[in-house]
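Protein chains in written order, with my numbering: chain A, 1 to 532; chain B, 1 to 215.
Possibly wrong hints are sitting among the right ones.
[As the list claims (entries may be wrong)] Some, not all, of what chain A presents toward chain B, calculated at C-beta under 10 Å:
(1) P208
(2) E220
(3) V225
(4) L232
Since the hints were made in silico from the structure, they are not lab data.
The beta-carbon is built from N, C-alpha and C at its ideal position, and this holds for glycine as well.
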Amino acid sequence: MSNEHGNYLTNPKGIWSWLTTVDHKRIGLMYLLFVAISFALGGIFAMLLRLELFFPGQQFFTAKEYNQLFTLHGAVMVFLFIIPSIPATLGNFFLPIMIGAKDVAFPKLNLASLYIYVFGAIFCLASIFLGAVDTGWTFYTPYSTTTDTSVVTMTMGAFILGFSSILTGVNFIVTIHKMRTKGMGWFRMPLFVWSLYATAVIQVLATPVLGITLFLLILETTVGVGIFDPVLGGDPVLFQHFFWFYSHPAVYIMILPAMGIMSELVTTFCKRNIFGYRFVAYSSIAIAIIAFLVWGHHLFVSGQSDYAAMIFSLLTFLVGIPSGIKVFNWMATMYQGSIELKTPFLYFLSFIFLFSIGGFTGIMLASLSLDVYFHDTYFVVAHFHYVMMGGTVIAFLGGLHYWWPKMFGKMYSEFWARIACLFIFVGFNMVFFTQFLLGAKGMPRRYYNYLDQFQPLHAFSTVGTWVLGAGFFIMLFYMLHSLFRGQRAPQNPWGGLTLEWQTSTPPSVHNFDETPIVTGGPYDYGKEDAHV
Amino acid sequence: MSSSTEFVKHEVAHHFVDAEQEFDSAKLGMWTFLVQELLFFSALFVAYAIFRFLYPEMFFEAHKHLSWVMGGINTLFLITSSFTMVMAVRCAQTNQNRLTIINLILTLIFACMFLVIKYFEYSEKFHHGLLPPALFTGEGVAPQLPIFFGLYFAMTGLHGLHVLIGIGLILWLIFRSVRREFHADYYTPLEMVGLYWHFVDLVWIFLFPLFYLIG
Numbered sequence: 001m002s003n004e005h006g007n008y009l010t011n012p013k014g015i016w017s018w019l020t021t022v023d024h025k026r027i028g029l030m031y032l033l034f035v036a037i038s039f040a041l042g043g044i045f046a047m048l049l050r051l052e053l054f055f056p057g058q059q060f061f062t063a064k065e066y067n068q069l070f071t072l073h074g075a076v077m078v079f080l081f082i083i084p085s086i087p088a089t090l091g092n093f094f095l096p097i098m099i100g101a102k103d104v105a106f107p108k109l110n111l112a113s114l115y116i117y118v119f120g121a122i123f124c125l126a127s128i129f130l131g132a133v134d135t136g137w138t139f140y141t142p143y144s145t146t147t148d149t150s151v152v153t154m155t156m157g158a159f160i161l162g163f164s165s166i167l168t169g170v171n172f173i174v175t176i177h178k179m180r181t182k183g184m185g186w187f188r189m190p191l192f193v194w195s196l197y198a199t200a201v202i203q204v205l206a207t208p209v210l211g212i213t214l215f216l217l218i219l220e221t222t223v224g225v226g227i228f229d230p231v232l233g234g235d236p237v238l239f240q241h242f243f244w245f246y247s248h249p250a251v252y253i254m255i256l257p258a259m260g261i262m263s264e265l266v267t268t269f270c271k272r273n274i275f276g277y278r279f280v281a282y283s284s285i286a287i288a289i290i291a292f293l294v295w296g297h298h299l300f301v302s303g304q305s306d307y308a309a310m311i312f313s314l315l316t317f318l319v320g321i322p323s324g325i326k327v328f329n330w331m332a333t334m335y336q337g338s339i340e341l342k343t344p345f346l347y348f349l350s351f352i353f354l355f356s357i358g359g360f361t362g363i364m365l366a367s368l369s370l371d372v373y374f375h376d377t378y379f380v381v382a383h384f385h386y387v388m389m390g391g392t393v394i395a396f397l398g399g400l401h402y403w404w405p406k407m408f409g410k411m412y413s414e415f416w417a418r419i420a421c422l423f424i425f426v427g428f429n430m431v432f433f434t435q436f437l438l439g440a441k442g443m444p445r446r447y448y449n450y451l452d453q454f455q456p457l458h459a460f461s462t463v464g465t466w467v468l469g470a471g472f473f474i475m476l477f478y479m480l481h482s483l484f485r486g487q488r489a490p491q492n493p494w495g496g497l498t499l500e501w502q503t504s505t506p507p508s509v510h511n512f513d514e515t516p517i518v519t520g521g522p523y524d525y526g527k528e529d530a531h532v
Numbered sequence: 001m002s003s004s005t006e007f008v009k010h011e012v013a014h015h016f017v018d019a020e021q022e023f024d025s026a027k028l029g030m031w032t033f034l035v036q037e038l039l040f041f042s043a044l045f046v047a048y049a050i051f052r053f054l055y056p057e058m059f060f061e062a063h064k065h066l067s068w069v070m071g072g073i074n075t076l077f078l079i080t081s082s083f084t085m086v087m088a089v090r091c092a093q094t095n096q097n098r099l100t101i102i103n104l105i106l107t108l109i110f111a112c113m114f115l116v117i118k119y120f121e122y123s124e125k126f127h128h129g130l131l132p133p134a135l136f137t138g139e140g141v142a143p144q145l146p147i148f149f150g151l152y153f154a155m156t157g158l159h160g161l162h163v164l165i166g167i168g169l170i171l172w173l174i175f176r177s178v179r180r181e182f183h184a185d186y187y188t189p190l191e192m193v194g195l196y197w198h199f200v201d202l203v204w205i206f207l208f209p210l211f212y213l214i215g
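Okay, chain A solo, but in the shape it has when bound (with noise of 0.2 Å):
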């Protein structure tokens, strides 16, 4: 029995172990390794993007090239990276340690989706091979039934991918609502937890709309089904619906958990009680059903009735109600904390500067009469990235440098940590707020050509795209220096008072040597006998 109180990684060992395991700290570590491998590819796809578009005309691709190469940026970022990124990993390796679990409440289901991952994943990456793909990520008919790339490879394999999203979800549901240990009421949950809840909401309803829109899409240019098909009376701005109705939802799926790190990150630096704990709670929620609800902004040229786009408009504004509660929050949070300027730390303003700016941009595109101007430039592109890479990269970074000692057990250099954050920060200014510039003066996105009067911004751009690169090498080197001769981590390097830090570093297999009872909230700074 010796196996059940050793440390996860090493008990028991063997390749073998690793393959067949039903640890959801192992599988969230095997994800966690898919996801950087995807990060990477996707990353140099864009670097290729930027460097054709250094100086106008063909550099070094055609056009039917850099179609292909942005198609696949999005594809892999979106379906490959960023929708598992951090439910899949975090979310896998901590939900059920933050609650005082033993487990998921089906792991083997949770490995399950792990293989279901890697086989979608499979698909997709063939797809490269087989014609890749030139529709962009969004697939969008009558184009996608009509090219002669290999579409239907690309879909099947986000269709399966997309099975290992609700799977994923439908399994955090249940660990959430049943595996709580005694003690740990909904509202003594850590927020990151109510976060990965709502986003499992989103996997579990919006998914399957996606799956079967792609599977109608594969029936399209199969045998047909003439729903999309204007010539036998289908309509192809249905599929941008259908395309939307989840596609929206899975935007929230990507920035809920990011959101649930912020608030973990800003309550530990801080030493500080969250401010309005139900509010932070409520909001991940608010968001949740929201996002069902705006689809409708993806289509305000599209030809949907006026009335209708006033209708998205007014409900895509709402969304700023509930994401400004957090931001609000986790500011007053600072307020009179004894912050400690740590990477994580660093990574959580790195979020609030970007986050505000991507929110604030998404208010501007909302609005009817700017986006007519705004749509399809470089200024949706830069507002996009500044929401999902400025925002759920940056917090997903932000919660590996944080929970990277409990994983490995192992530390790694603060002063490189620190060096690369500012890269990545500045790197990623240049790269995308020249866009919001670019954008503005009338740069149409997906071309890989463009007037002369263009060049110092896009070459600006693509310079940053180098320092950003460079700041994710310098992760790389330290991160791996760390797992090999990093300082042991001891147990709580932070002084955190969720779950996960009071067990040992890294944590056994069962995750507790005894099951933890909750006395009081998940934030409790200042209090004698805080938590446990």
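Got chain A sorted already, so can you dock chain B onto it with the hints?
Just chain B now, with coordinates in the frame of chain A:
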């Protein structure tokens, strides 16, 4: 009457506190999964609604190509199979293993009969070329007729796939019942597959009037 001691004892998985938590988790998980299934079919029903609203005459014309008798018989088969499924769960709860197995086999037979009739329906459509747009060679008044058959095959095909998966699950249940694994203290898989089977039944209850009984 066999006593419960003759049954295979169920071990609660290590990460659950007790059997009750395990059962509740499975049940909530299954319901959540069914919500997902509902959303999966929903886009098809939305598409159906849109195109029926756009081309009501075409839908009326098209439904004459479907046999309501065959559809009706299939509806009866599925409803009956849902009943035998419930009985299988009930019999497990009262430790009547033999009856559990008999009810499961009946459910299996009805499910297979459903697919047999579906097979005859499909081959008739193939014969007349009443198929999704790319394969459509049939004759009809309305130019949008292929859309009807596109939707018909997408929706009944996907439903048929669910029936097929159901058959696989029922076979698995029969196998485990023969090994005497289900009894009053443990019948979770029976109950879960039951929920799934009722859902599949319910989808058909909507498909039948929408395609066969127009006008």
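*If any of the earlier hints don't hold here, list their numbers in rising order.*
Hint check: nothing fails, all pass.
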